[in-house]
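Respectively, the protein sequence lines represent chains H and D.
My numbering puts the first residue of the first sequence at 5, with every later residue one more than the last.
My numbering puts the first residue of the second sequence at 5, with every later residue one more than the last.
Each hint can be trusted.
Since copy identity is lost for identical chains, a pair holds within one copy or between any two.
SDA-like mimics (lysine to any residue), calculated; alpha carbons at most 20 Å apart, straight line:
1) 102 <-> 114
2) 68 <-> 101
3) 77 <-> 108
4) 77 <-> 218
5) 229 <-> 144
6) 94 <-> 107
7) 217 <-> 95
8) 77 <-> 254
9) 94 <-> 81
10) 77 <-> 107
11) 102 <-> 71
12) 68 <-> 103
13) 94 <-> 105
14) 77 <-> 110
15) 77 <-> 103
16) 301 <-> 288
17) 301 <-> 44
Hints listed in this document are in silico derivations from the structure and should not be mistaken for laboratory results.
Bear in mind the structure is a predicted one, so any value in this text is a computation, not a measurement.
Number of protein chains: 2
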Amino acid sequence: MDMQTTFRSRLYAAGLLFPTGVDGLVGRNGVFEQIFTGLESAITRAGLADRPEVMRFPPAMSQKTFERSGYMKNFPHFAGTVHCFCGDDKAHHQLLGKMARGEDWLESQEGADIVLSPAACYQVYPIVAQRGALGPDGHLVDVQSYCFRHEPSLEPTRMQLFRMREYVRIGTEAQVLAFRADWMERGQAFVDTLHLPYEVEVANDPFFGRAGKLMADSQRMQNLKFELLIPVNDGAGPTACLSFNYHQTYFGDTWGMVNADGTVAQTACCAFGMERLVLAMLRHHGFDPADWPAGVKQTLGFE
Amino acid sequence: MDMQTTFRSRLYAAGLLFPTGVDGLVGRNGVFEQIFTGLESAITRAGLADRPEVMRFPPAMSQKTFERSGYMKNFPHFAGTVHCFCGDDKAHHQLLGKMARGEDWLESQEGADIVLSPAACYQVYPIVAQRGALGPDGHLVDVQSYCFRHEPSLEPTRMQLFRMREYVRIGTEAQVLAFRADWMERGQAFVDTLHLPYEVEVANDPFFGRAGKLMADSQRMQNLKFELLIPVNDGAGPTACLSFNYHQTYFGDTWGMVNADGTVAQTACCAFGMERLVLAMLRHHGFDPADWPAGVKQTLGFE
Numbered sequence: 005m006d007m008q009t010t011f012r013s014r015l016y017a018a019g020l021l022f023p024t025g026v027d028g029l030v031g032r033n034g035v036f037e038q039i040f041t042g043l044e045s046a047i048t049r050a051g052l053a054d055r056p057e058v059m060r061f062p063p064a065m066s067q068k069t070f071e072r073s074g075y076m077k078n079f080p081h082f083a084g085t086v087h088c089f090c091g092d093d094k095a096h097h098q099l100l101g102k103m104a105r106g107e108d109w110l111e112s113q114e115g116a117d118i119v120l121s122p123a124a125c126y127q128v129y130p131i132v133a134q135r136g137a138l139g140p141d142g143h144l145v146d147v148q149s150y151c152f153r154h155e156p157s158l159e160p161t162r163m164q165l166f167r168m169r170e171y172v173r174i175g176t177e178a179q180v181l182a183f184r185a186d187w188m189e190r191g192q193a194f195v196d197t198l199h200l201p202y203e204v205e206v207a208n209d210p211f212f213g214r215a216g217k218l219m220a221d222s223q224r225m226q227n228l229k230f231e232l233l234i235p236v237n238d239g240a241g242p243t244a245c246l247s248f249n250y251h252q253t254y255f256g257d258t259w260g261m262v263n264a265d266g267t268v269a270q271t272a273c274c275a276f277g278m279e280r281l282v283l284a285m286l287r288h289h290g291f292d293p294a295d296w297p298a299g300v301k302q303t304l305g306f307e
Numbered sequence: 005m006d007m008q009t010t011f012r013s014r015l016y017a018a019g020l021l022f023p024t025g026v027d028g029l030v031g032r033n034g035v036f037e038q039i040f041t042g043l044e045s046a047i048t049r050a051g052l053a054d055r056p057e058v059m060r061f062p063p064a065m066s067q068k069t070f071e072r073s074g075y076m077k078n079f080p081h082f083a084g085t086v087h088c089f090c091g092d093d094k095a096h097h098q099l100l101g102k103m104a105r106g107e108d109w110l111e112s113q114e115g116a117d118i119v120l121s122p123a124a125c126y127q128v129y130p131i132v133a134q135r136g137a138l139g140p141d142g143h144l145v146d147v148q149s150y151c152f153r154h155e156p157s158l159e160p161t162r163m164q165l166f167r168m169r170e171y172v173r174i175g176t177e178a179q180v181l182a183f184r185a186d187w188m189e190r191g192q193a194f195v196d197t198l199h200l201p202y203e204v205e206v207a208n209d210p211f212f213g214r215a216g217k218l219m220a221d222s223q224r225m226q227n228l229k230f231e232l233l234i235p236v237n238d239g240a241g242p243t244a245c246l247s248f249n250y251h252q253t254y255f256g257d258t259w260g261m262v263n264a265d266g267t268v269a270q271t272a273c274c275a276f277g278m279e280r281l282v283l284a285m286l287r288h289h290g291f292d293p294a295d296w297p298a299g300v301k302q303t304l305g306f307e
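So that you can see chain H by itself, here it is in the shape it has in the complex (with noise of 0.2 Å):
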C-alpha cells in the first residue's frame, strides 16, 4: 500500500494528529477533541438515568495501590513506573554529565511513589471499598483517566497513553451479572447511533508469558470479556473500541469489598476506548464533521 494513502498518514496529513517522535504518542487537533467531546457527552446521556457516581482521575496512581491491585503479575510488560531525581548539586552536575555524554542518565532516577493507571476502573476500588459495606443496590461509577500501557505502534489505534470512560458496577453477582449484559446491548445501541459497523466477540487479555497463556484460555472459556469491535486500520482486523468485562470477586477479594449481604462484591464494567472511537468516526465518516450524517452530528451534540 502507498504510504501517502495510509489511514495514519491522512491523520497526520490533514494535521488531525502531531506526531511526538515516539509511536504510540501523539498530540491532537480541535477537531479531533471536538469530536472526542461530543462522544464524551454522548457515553454521559446513554447512562445518566442509572445515576452513576462520577470519578475523573489523573493519569498516575498511587504505587502501593497499583502494586496490591496484582497488575504486574498478570500485565508488567504493559506498566509504566514514574522515577524523579532525588540528588543534590553534586548528583545534578553527574547526571547532567552522562545526558551531554549521551550516557543512560536514567539509572540514577528513583521511584517517585506513583506508577501511569493501566485502567481508569483501578482507582475506583480502592476509595469504593474504604467506604465500608455496599448498600443493598450495590454501587455504579463513572470513571475517566487517561492510562498508560507500554507498547509502541504505528497503528494510529494503539496509543501509548490513552484516555478510557467506563461505567463500573459493584456489587451482588446478579447486580453485575444483569449490569453487564445490559450494557452489551446499551453499547451496541450506542455505536448504532454513530452509524459505526461493528461485532461483539468473546475476547482475551494479553497476559504475559507462559503462564499467561493459560490465564488468556480461562478469561475466554469462561466469557469473562467481550469486545466490541470496528474496523479502523488498513489491512489489519477490526480494533476494539469498548469492552464488557466480568471480573468475578478479583477486586472485591483484593480490596475487601462487601456486599449488604456480607458476601465478597464482585465488578463488572463497559469501558470505552475514547481515542479509538474518535479514529472511527474519522475512518467511516470522513475528516471533516461537518459532512457527517445528520444523525451522527445529532447523537455529538455537533448541531
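Add chain D to chain H, keeping to what the hints say.
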C-alpha cells in the same frame, strides 16, 4: 486550626476530591469537573478571536525532546521519567519475588523513552520548528495537557499531576511582547468575570540548586515572569493561578525556530493552572455552583 475545618479537609468531606494515598495526587468528582469544563470553555472564548491553532497532548512526551528542552538543567527535582519492564519470564518471576518480599522492584525497570510533560508548551515548539520559517505574523497556539511536577504536598493547590492550559505566541520580539502585555490585561479581565480577588506580581521559577538562585534572581530582575495570584489555601500566601512568561530566544534557539526575516523566533505564553482556578472558585464562591453569582455562572455557561 481545627483539622476538620481546613479547606483541604472540607474538599474531601464534600466529596469534591478523592484521596489516592499519595499527597498531591487526587481524584475529582462531577461538580469539580463541571467547573473545570466551564473554565476551559470560557478560556477558549477569551482567545477565540485570535484564531489560535489548537493542540492537545497526552501527559508525556518523547525523552529526546525532553532532553533537548534543557529542563533537567534547571528543574531536575520536578521531572518524572517513565520506566518499564522489558524482561522475560525468569526476570518477571524475580520481580514478583522482590515485590512479595517488600524489596525495591523498581531498580530493574528500564527507560520507556518517554517523560511526563513538565509544561504544556514544551510539546509545541518542536512541532512548530519542523514546519520551517514562520510567516510574517508569527504563530499562536492554544495548547493543553496534563503536566507533572514531583512536589508531594498537602496543599490542595499543589498537585503532582495537573492540567495546564496555555496560549503560546511565537514570533518577533515585538510580537511576543505585545502578546504578553495584551494577555496580562486579558487575564485580569478574565479573572474579573470569575469574581475572584487577585494581585499580579513579578515572579521567578523554583530553579534547582546553588546555581538556581542566580537563575531565579536573573529571571525576576528581567521581569521575564509575572504571576496572577489568588488567595486559596489556609494560612498561606496566595496561589499563582495564571502566569505570563517571556522566554526571549530560549526556545527559538533550542529548536531552531526562525522568523520570516531570518531572526531567531522569540516566545511568550499565558498559562492557566486549571485545577488551581477550580479550587479558587470553590474557595471564594462556595462548594455549590448553583449558589454562585449570576455573572460567574454566565461566564462558565451554567445557565
